[in-house]
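**Student:** Chain order of the listed sequences is S and V.
Note that this note's numbering numbers the first sequence so that position 173 is 173, with each residue one more than the last.
Note that this note's numbering numbers the second sequence so that position 258 is 258, with each residue one more than the last.
Just so you know, these hints were derived from the structure itself, not from any lab.
Careful: at least some of the hints might be erroneous.
To be verified - In silico negatives: residues of chain V with every beta carbon more than 12 Å from chain S: (1) Gly49; (2) Arg60; (3) Val99; (4) Gly124; (5) Gly161; (6) Ala172; (7) Glu195; (8) Gly214; (9) Ala227; (10) Asp245; (11) Ala249; (12) Arg260; (13) Ile264; (14) Pro267; (15) Pro275.
To be verified - Taking lysine to aspartate or glutamate pairs in the EDC-like style, the calculated list, with each CA pair at most 20 Å apart, reads: (16) V:Lys221 x S:Asp5; (17) S:Lys210 x V:Asp229; (18) S:Lys43 x S:Glu87; (19) V:Lys180 x V:Glu195; (20) V:Lys247 x S:Asp216; (21) V:Lys194 x V:Asp229; (22) S:Lys43 x S:Asp185; (23) S:Lys210 x S:Asp185; (24) S:Lys43 x S:Asp3; (25) V:Lys221 x V:Asp252; (26) V:Lys247 x V:Asp229; (27) V:Lys221 x V:Glu195; (28) V:Lys247 x S:Glu213; (29) V:Lys221 x S:Asp3; (30) V:Lys221 x V:Asp254.
Even glycine gets a Cβ: it sits at the ideal position worked out from N, Cα and C.
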Amino acid sequence: MLDVDVYLRQWAMPHVLCPGCAHGIVLRSFFGAVDRLGLDQDKVAMVAGIGCSSRLVGYADFCTLHGTHGRAPAFATGLKLARPDLEVVVITGDGDALAIGGNHLIHAARRNVDMTVLMLNNSIYGMTGGQAAPTTPQGSIASTTPQGSVETPFDACRLLAGAGASFVGRVLAANPGAMTDIIADAMAHRGFAFVEVVSDCPVYYGRYNKIGEGADMLTWMTRLEQGVADPLAEKRFVEFVPGAGAPAGLATGVLQREERPVFTGARKATP
Amino acid sequence: MSDRSKGLLLAGVGGQGVILASMIVADALVRAGNDVKQSEVHGMAQRGGSVVSHIRWGPRVSSPLAPKGSAEVLAAFEWAEGLRWIDYVRPGGAVVVDVRTIIPPGACVDRRGWATAYPRIDDGPIADRRLQPRLLNAAAIASGLGNVRAANSVILGSVAGFLDIDDQYWEAAISSLVPKGTAEINLAAFRAGKEAGTVVIPAQPAPEATGVAGPHVIEVKHDWCKACDICSRVCPEYCLALTLDGKLAVVDPDACTGCRLCEILCPDFAIRIHPPVVAGVAAGEGAS
Ligand code: SF4
Ligand code: SF4
Chain S
1 MLDVDVYLRQ WAMPHVLCPG CAHGIVLRSF FGAVDRLGLD QDKVAMVAGI GCSSRLVGYA
61 DFCTLHGTHG RAPAFATGLK LARPDLEVVV ITGDGDALAI GGNHLIHAAR RNVDMTVLML
121 NNSIYGMTGG QAAPTTPQGS IASTTPQGSV ETPFDACRLL AGAGASFVGR VLAANPGAMT
181 DIIADAMAHR GFAFVEVVSD CPVYYGRYNK IGEGADMLTW MTRLEQGVAD PLAEKRFVEF
241 VPGAGAPAGL ATGVLQREER PVFTGARKAT P
Chain V
1 MSDRSKGLLL AGVGGQGVIL ASMIVADALV RAGNDVKQSE VHGMAQRGGS VVSHIRWGPR
61 VSSPLAPKGS AEVLAAFEWA EGLRWIDYVR PGGAVVVDVR TIIPPGACVD RRGWATAYPR
121 IDDGPIADRR LQPRLLNAAA IASGLGNVRA ANSVILGSVA GFLDIDDQYW EAAISSLVPK
181 GTAEINLAAF RAGKEAGTVV IPAQPAPEAT GVAGPHVIEV KHDWCKACDI CSRVCPEYCL
241 ALTLDGKLAV VDPDACTGCR LCEILCPDFA IRIHPPVVAG VAAGEGAS
């Protein structure tokens, strides 16, 4: 049984995130994955940039590095090359990873640096006041798009698969069991692993788009997933059940997995 | 004392015929010249819920409800229902219980392993209160006579042994109230019940053997909780609720099955579910 108190910095709690923000559920599932893999806390390095999701490193009792906006993959690359014995995990948000830090992210993926990136996608810039992000769905309301966003959003998983990430997966914050499975899988993978967690921002995205509060947003996100209808709405909880056929919606699970030489920074010895 | 009114409780599970049996008792008491009042509670009667009927009789009765610790007799059509109402019996009073068990869905504390928190059959609680026990296997007696549905009349026969009512009134009440065509078998069941003694309860395994002794313990860290309402909305058993002043409250701790949905989905790490306490020690030490 996972004992979260082992992994939490008790003195820093309660965390700053808003009531109902699913990011805390993601942190718990990450603890579950570390616990399952039996990793030594001093051998896990969590690297973050700026944003609500990046704040999570402050509460996790591992080696933690809180860097600058968007540059977490760059810090993490340097750290992994200097300390290959560490299990390096980047925790980032959609704005941090795909807008300000898009460049760093795709190049870490291209190089296949051995790290895991957890990108918590809440479809908006939460920390700075609800502006539209590169992931805001078309038509969604944000503080900068009061009539609805007109831009095409990124599909982060397709972007990263295209950039050469050797492991790509997606999971919902509403499915903590599946989330622990996929994060553990990604961390055990040798090479660049990217996991998009569909999280939520009840305070901005949920309110502007009239979805509701934390519990409503968890229900809402399960409706976005392929093959699952309304698990939370009926006070029942089902784990991800792949549907027959492929109805429209977010594909979840492991979307790409391949074995590819890992970047170590060393020049290959010429024969 | 004879001028004081006396009380009797009948308890069972919806569908067992508790109400009909209490009408028979009340009718027999009226025929015997008493003032009688009767009142029943049967909220979920059709769905296996608890049903209880109070009867009071005497020269003059003002209220139908027997206060705790006052009833002459408790007649229970099911084991756990008997235990539920046992505190209503006066010291030295009688408990007539059918030892059959009907385990309600709410007693399930582990949906995967199907462990239940059903009280084991053991006459300890009856002996502890110095009550006169009459434990019956009424259903077996009734089926021996040809109709298991006459089990109620077996119980009434046993109850009759503790009340001062002439048999003619009992038999008249039964004959006039039971469904048409079943008077004979019900009268036979009544007589069999009068004769039946108390059964000896075979030794049961101690509850520790099942590893389950009660509900899980819900601990809320209120200084971490942000009252987001997620846990209360996901709990399948409705154990948790936000109060009007916006605080999380554990409203039904006994209903907790230990599914941990609330703990796992709380974004603020504010809930800890502890395993049930077994024989005075927490089952999973170190979970705090
Ligand atoms: S889910 Fe957690 S933070 Fe939200 S109301 Fe329940 S205990 Fe409080
Ligand atoms: S563990 Fe939590 S969600 Fe599950 S029954 Fe108990 S209080 Fe409800």
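**Student:** Work down the list of hints and note, for each, if the structure agrees.
**Tutor:** Consistency of the hints with the structure:
no., hint, result
1, Gly49, "holds, 20 Å"
2, Arg60, "holds, 51 Å"
3, Val99, "holds, 36 Å"
4, Gly124, "holds, 34 Å"
5, Gly161, "holds, 48 Å"
6, Ala172, "holds, 51 Å"
7, Glu195, "holds, 51 Å"
8, Gly214, "holds, 19 Å"
9, Ala227, "violated, 6 Å"
10, Asp245, "holds, 15 Å"
11, Ala249, "holds, 16 Å"
12, Arg260, "violated, 9 Å"
13, Ile264, "violated, 5 Å"
14, Pro267, "violated, 3 Å"
15, Pro275, "violated, 9 Å"
16, V:Lys221 x S:Asp5, "holds, 12 Å"
17, S:Lys210 x V:Asp229, "holds, 17 Å"
18, S:Lys43 x S:Glu87, "holds, 6 Å"
19, V:Lys180 x V:Glu195, "violated, 25 Å"
20, V:Lys247 x S:Asp216, "holds, 19 Å"
21, V:Lys194 x V:Asp229, "violated, 56 Å"
22, S:Lys43 x S:Asp185, "holds, 17 Å"
23, S:Lys210 x S:Asp185, "violated, 35 Å"
24, S:Lys43 x S:Asp3, "holds, 18 Å"
25, V:Lys221 x V:Asp252, "holds, 17 Å"
26, V:Lys247 x V:Asp229, "holds, 9 Å"
27, V:Lys221 x V:Glu195, "violated, 58 Å"
28, V:Lys247 x S:Glu213, "holds, 16 Å"
29, V:Lys221 x S:Asp3, "holds, 15 Å"
30, V:Lys221 x V:Asp254, "holds, 19 Å"
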